[in-house]
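*Asks:* When we follow the working numbering, the leftmost residue of the sequence shown carries the number 169, and every step to the right adds one.
Source of the hints: derived by calculation from the structure; they are not laboratory data. Be aware that one or more of the hints could be misleading.
Calculated pairs, DSBU-like style, for lysine-lysine (alpha carbon to alpha carbon, straight line, at most 35 angstroms) [claimed, not checked]:
#1 317 <-> 250
#2 268 <-> 319
#3 280 <-> 233
#4 268 <-> 317
#5 233 <-> 250
#6 250 <-> 268
#7 268 <-> 233
#8 317 <-> 280
#9 280 <-> 319
#10 268 <-> 280
#11 233 <-> 319
#12 319 <-> 250
#13 280 <-> 250
Owing to the predicted nature of the structure, the values given are computational and were not obtained by experimental measurement.
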Amino acid sequence: MYKLSPAFSPVLTVMFSLIFALLVGCQPADKKSLPGAEPQCLAQQSECVVHTQYGDFRVLFNVSKVLTETPFEISVEYLGNKSVNNISGYLEGRDMFMGKIPLFLTGQREHKYLAEVMLGSCAQSSMIWRLWLTAEFTEQARAGESEGKDKQQFFIDFPSSNQ
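Assemble the whole structure, with the sequences as input and the hints as a guide.
*Replies:* This is how it looks when you write it as structure tokens:
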């Protein structure tokens, strides 16, 4: 039988310490922006800039083609001069019920919001999705009135493919 002599103890200690240090040094990868080009309008997107009574909204994607089961980003930018409190939204199938997919839009800078999205695949090779957005504005209060809120809801349609 082999006996471990005291001489092996420092070697094992160093090896254990090195492995432990490597494991402790591992951290989750930083979340980086999803791959793709600068935000762009999709070729078959119903509108890139939506005109509303409160101003224009630009809706862009970080991919040139939306593929199901592949993450992508939607960028919404308000181009008007009112004060936007929040923009919320959801996705739903235009021609086929796929449920409502909520969007978690986060403010990136003044009047610009971003959401990371992934669509489920369906039996059809391509599908049209409807993106519903609601912008909430702060209405400036007049003397003696309380501050109110106005909302503007609109949608755009865009295609997705499973290929």
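*Asks:* Determine for every hint whether it applies to the structure shown.
*Replies:* Hint check:
1. 317 <-> 250: Status holds; Cα separation ~11 angstroms.
2. 268 <-> 319: holds (20 angstroms)
3. 280 <-> 233: Roughly 22 angstroms separates the two Cα atoms, so the pair holds.
4. 268 <-> 317: Since the Cα atoms of residue 268 and residue 317 sit roughly 25 angstroms apart, the hinted pair holds (cutoff 35 angstroms).
5. 233 <-> 250: Holds, because 32 angstroms separates the two Cα atoms, which is no more than 35 angstroms.
6. 250 <-> 268: holds (29 angstroms)
7. 268 <-> 233: It holds: about 21 angstroms lies between the C-alpha atoms, which stays within 35 angstroms.
8. 317 <-> 280: Cα-Cα ~19 angstroms, so holds.
9. 280 <-> 319: holds (17 angstroms)
10. 268 <-> 280: holds (23 angstroms)
11. 233 <-> 319: holds (30 angstroms)
12. 319 <-> 250: holds (12 angstroms)
13. 280 <-> 250: It holds: about 13 angstroms lies between the C-alpha atoms, which stays within 35 angstroms.
Figure legend: structure checked against the earlier numbered hints; every hint is met.
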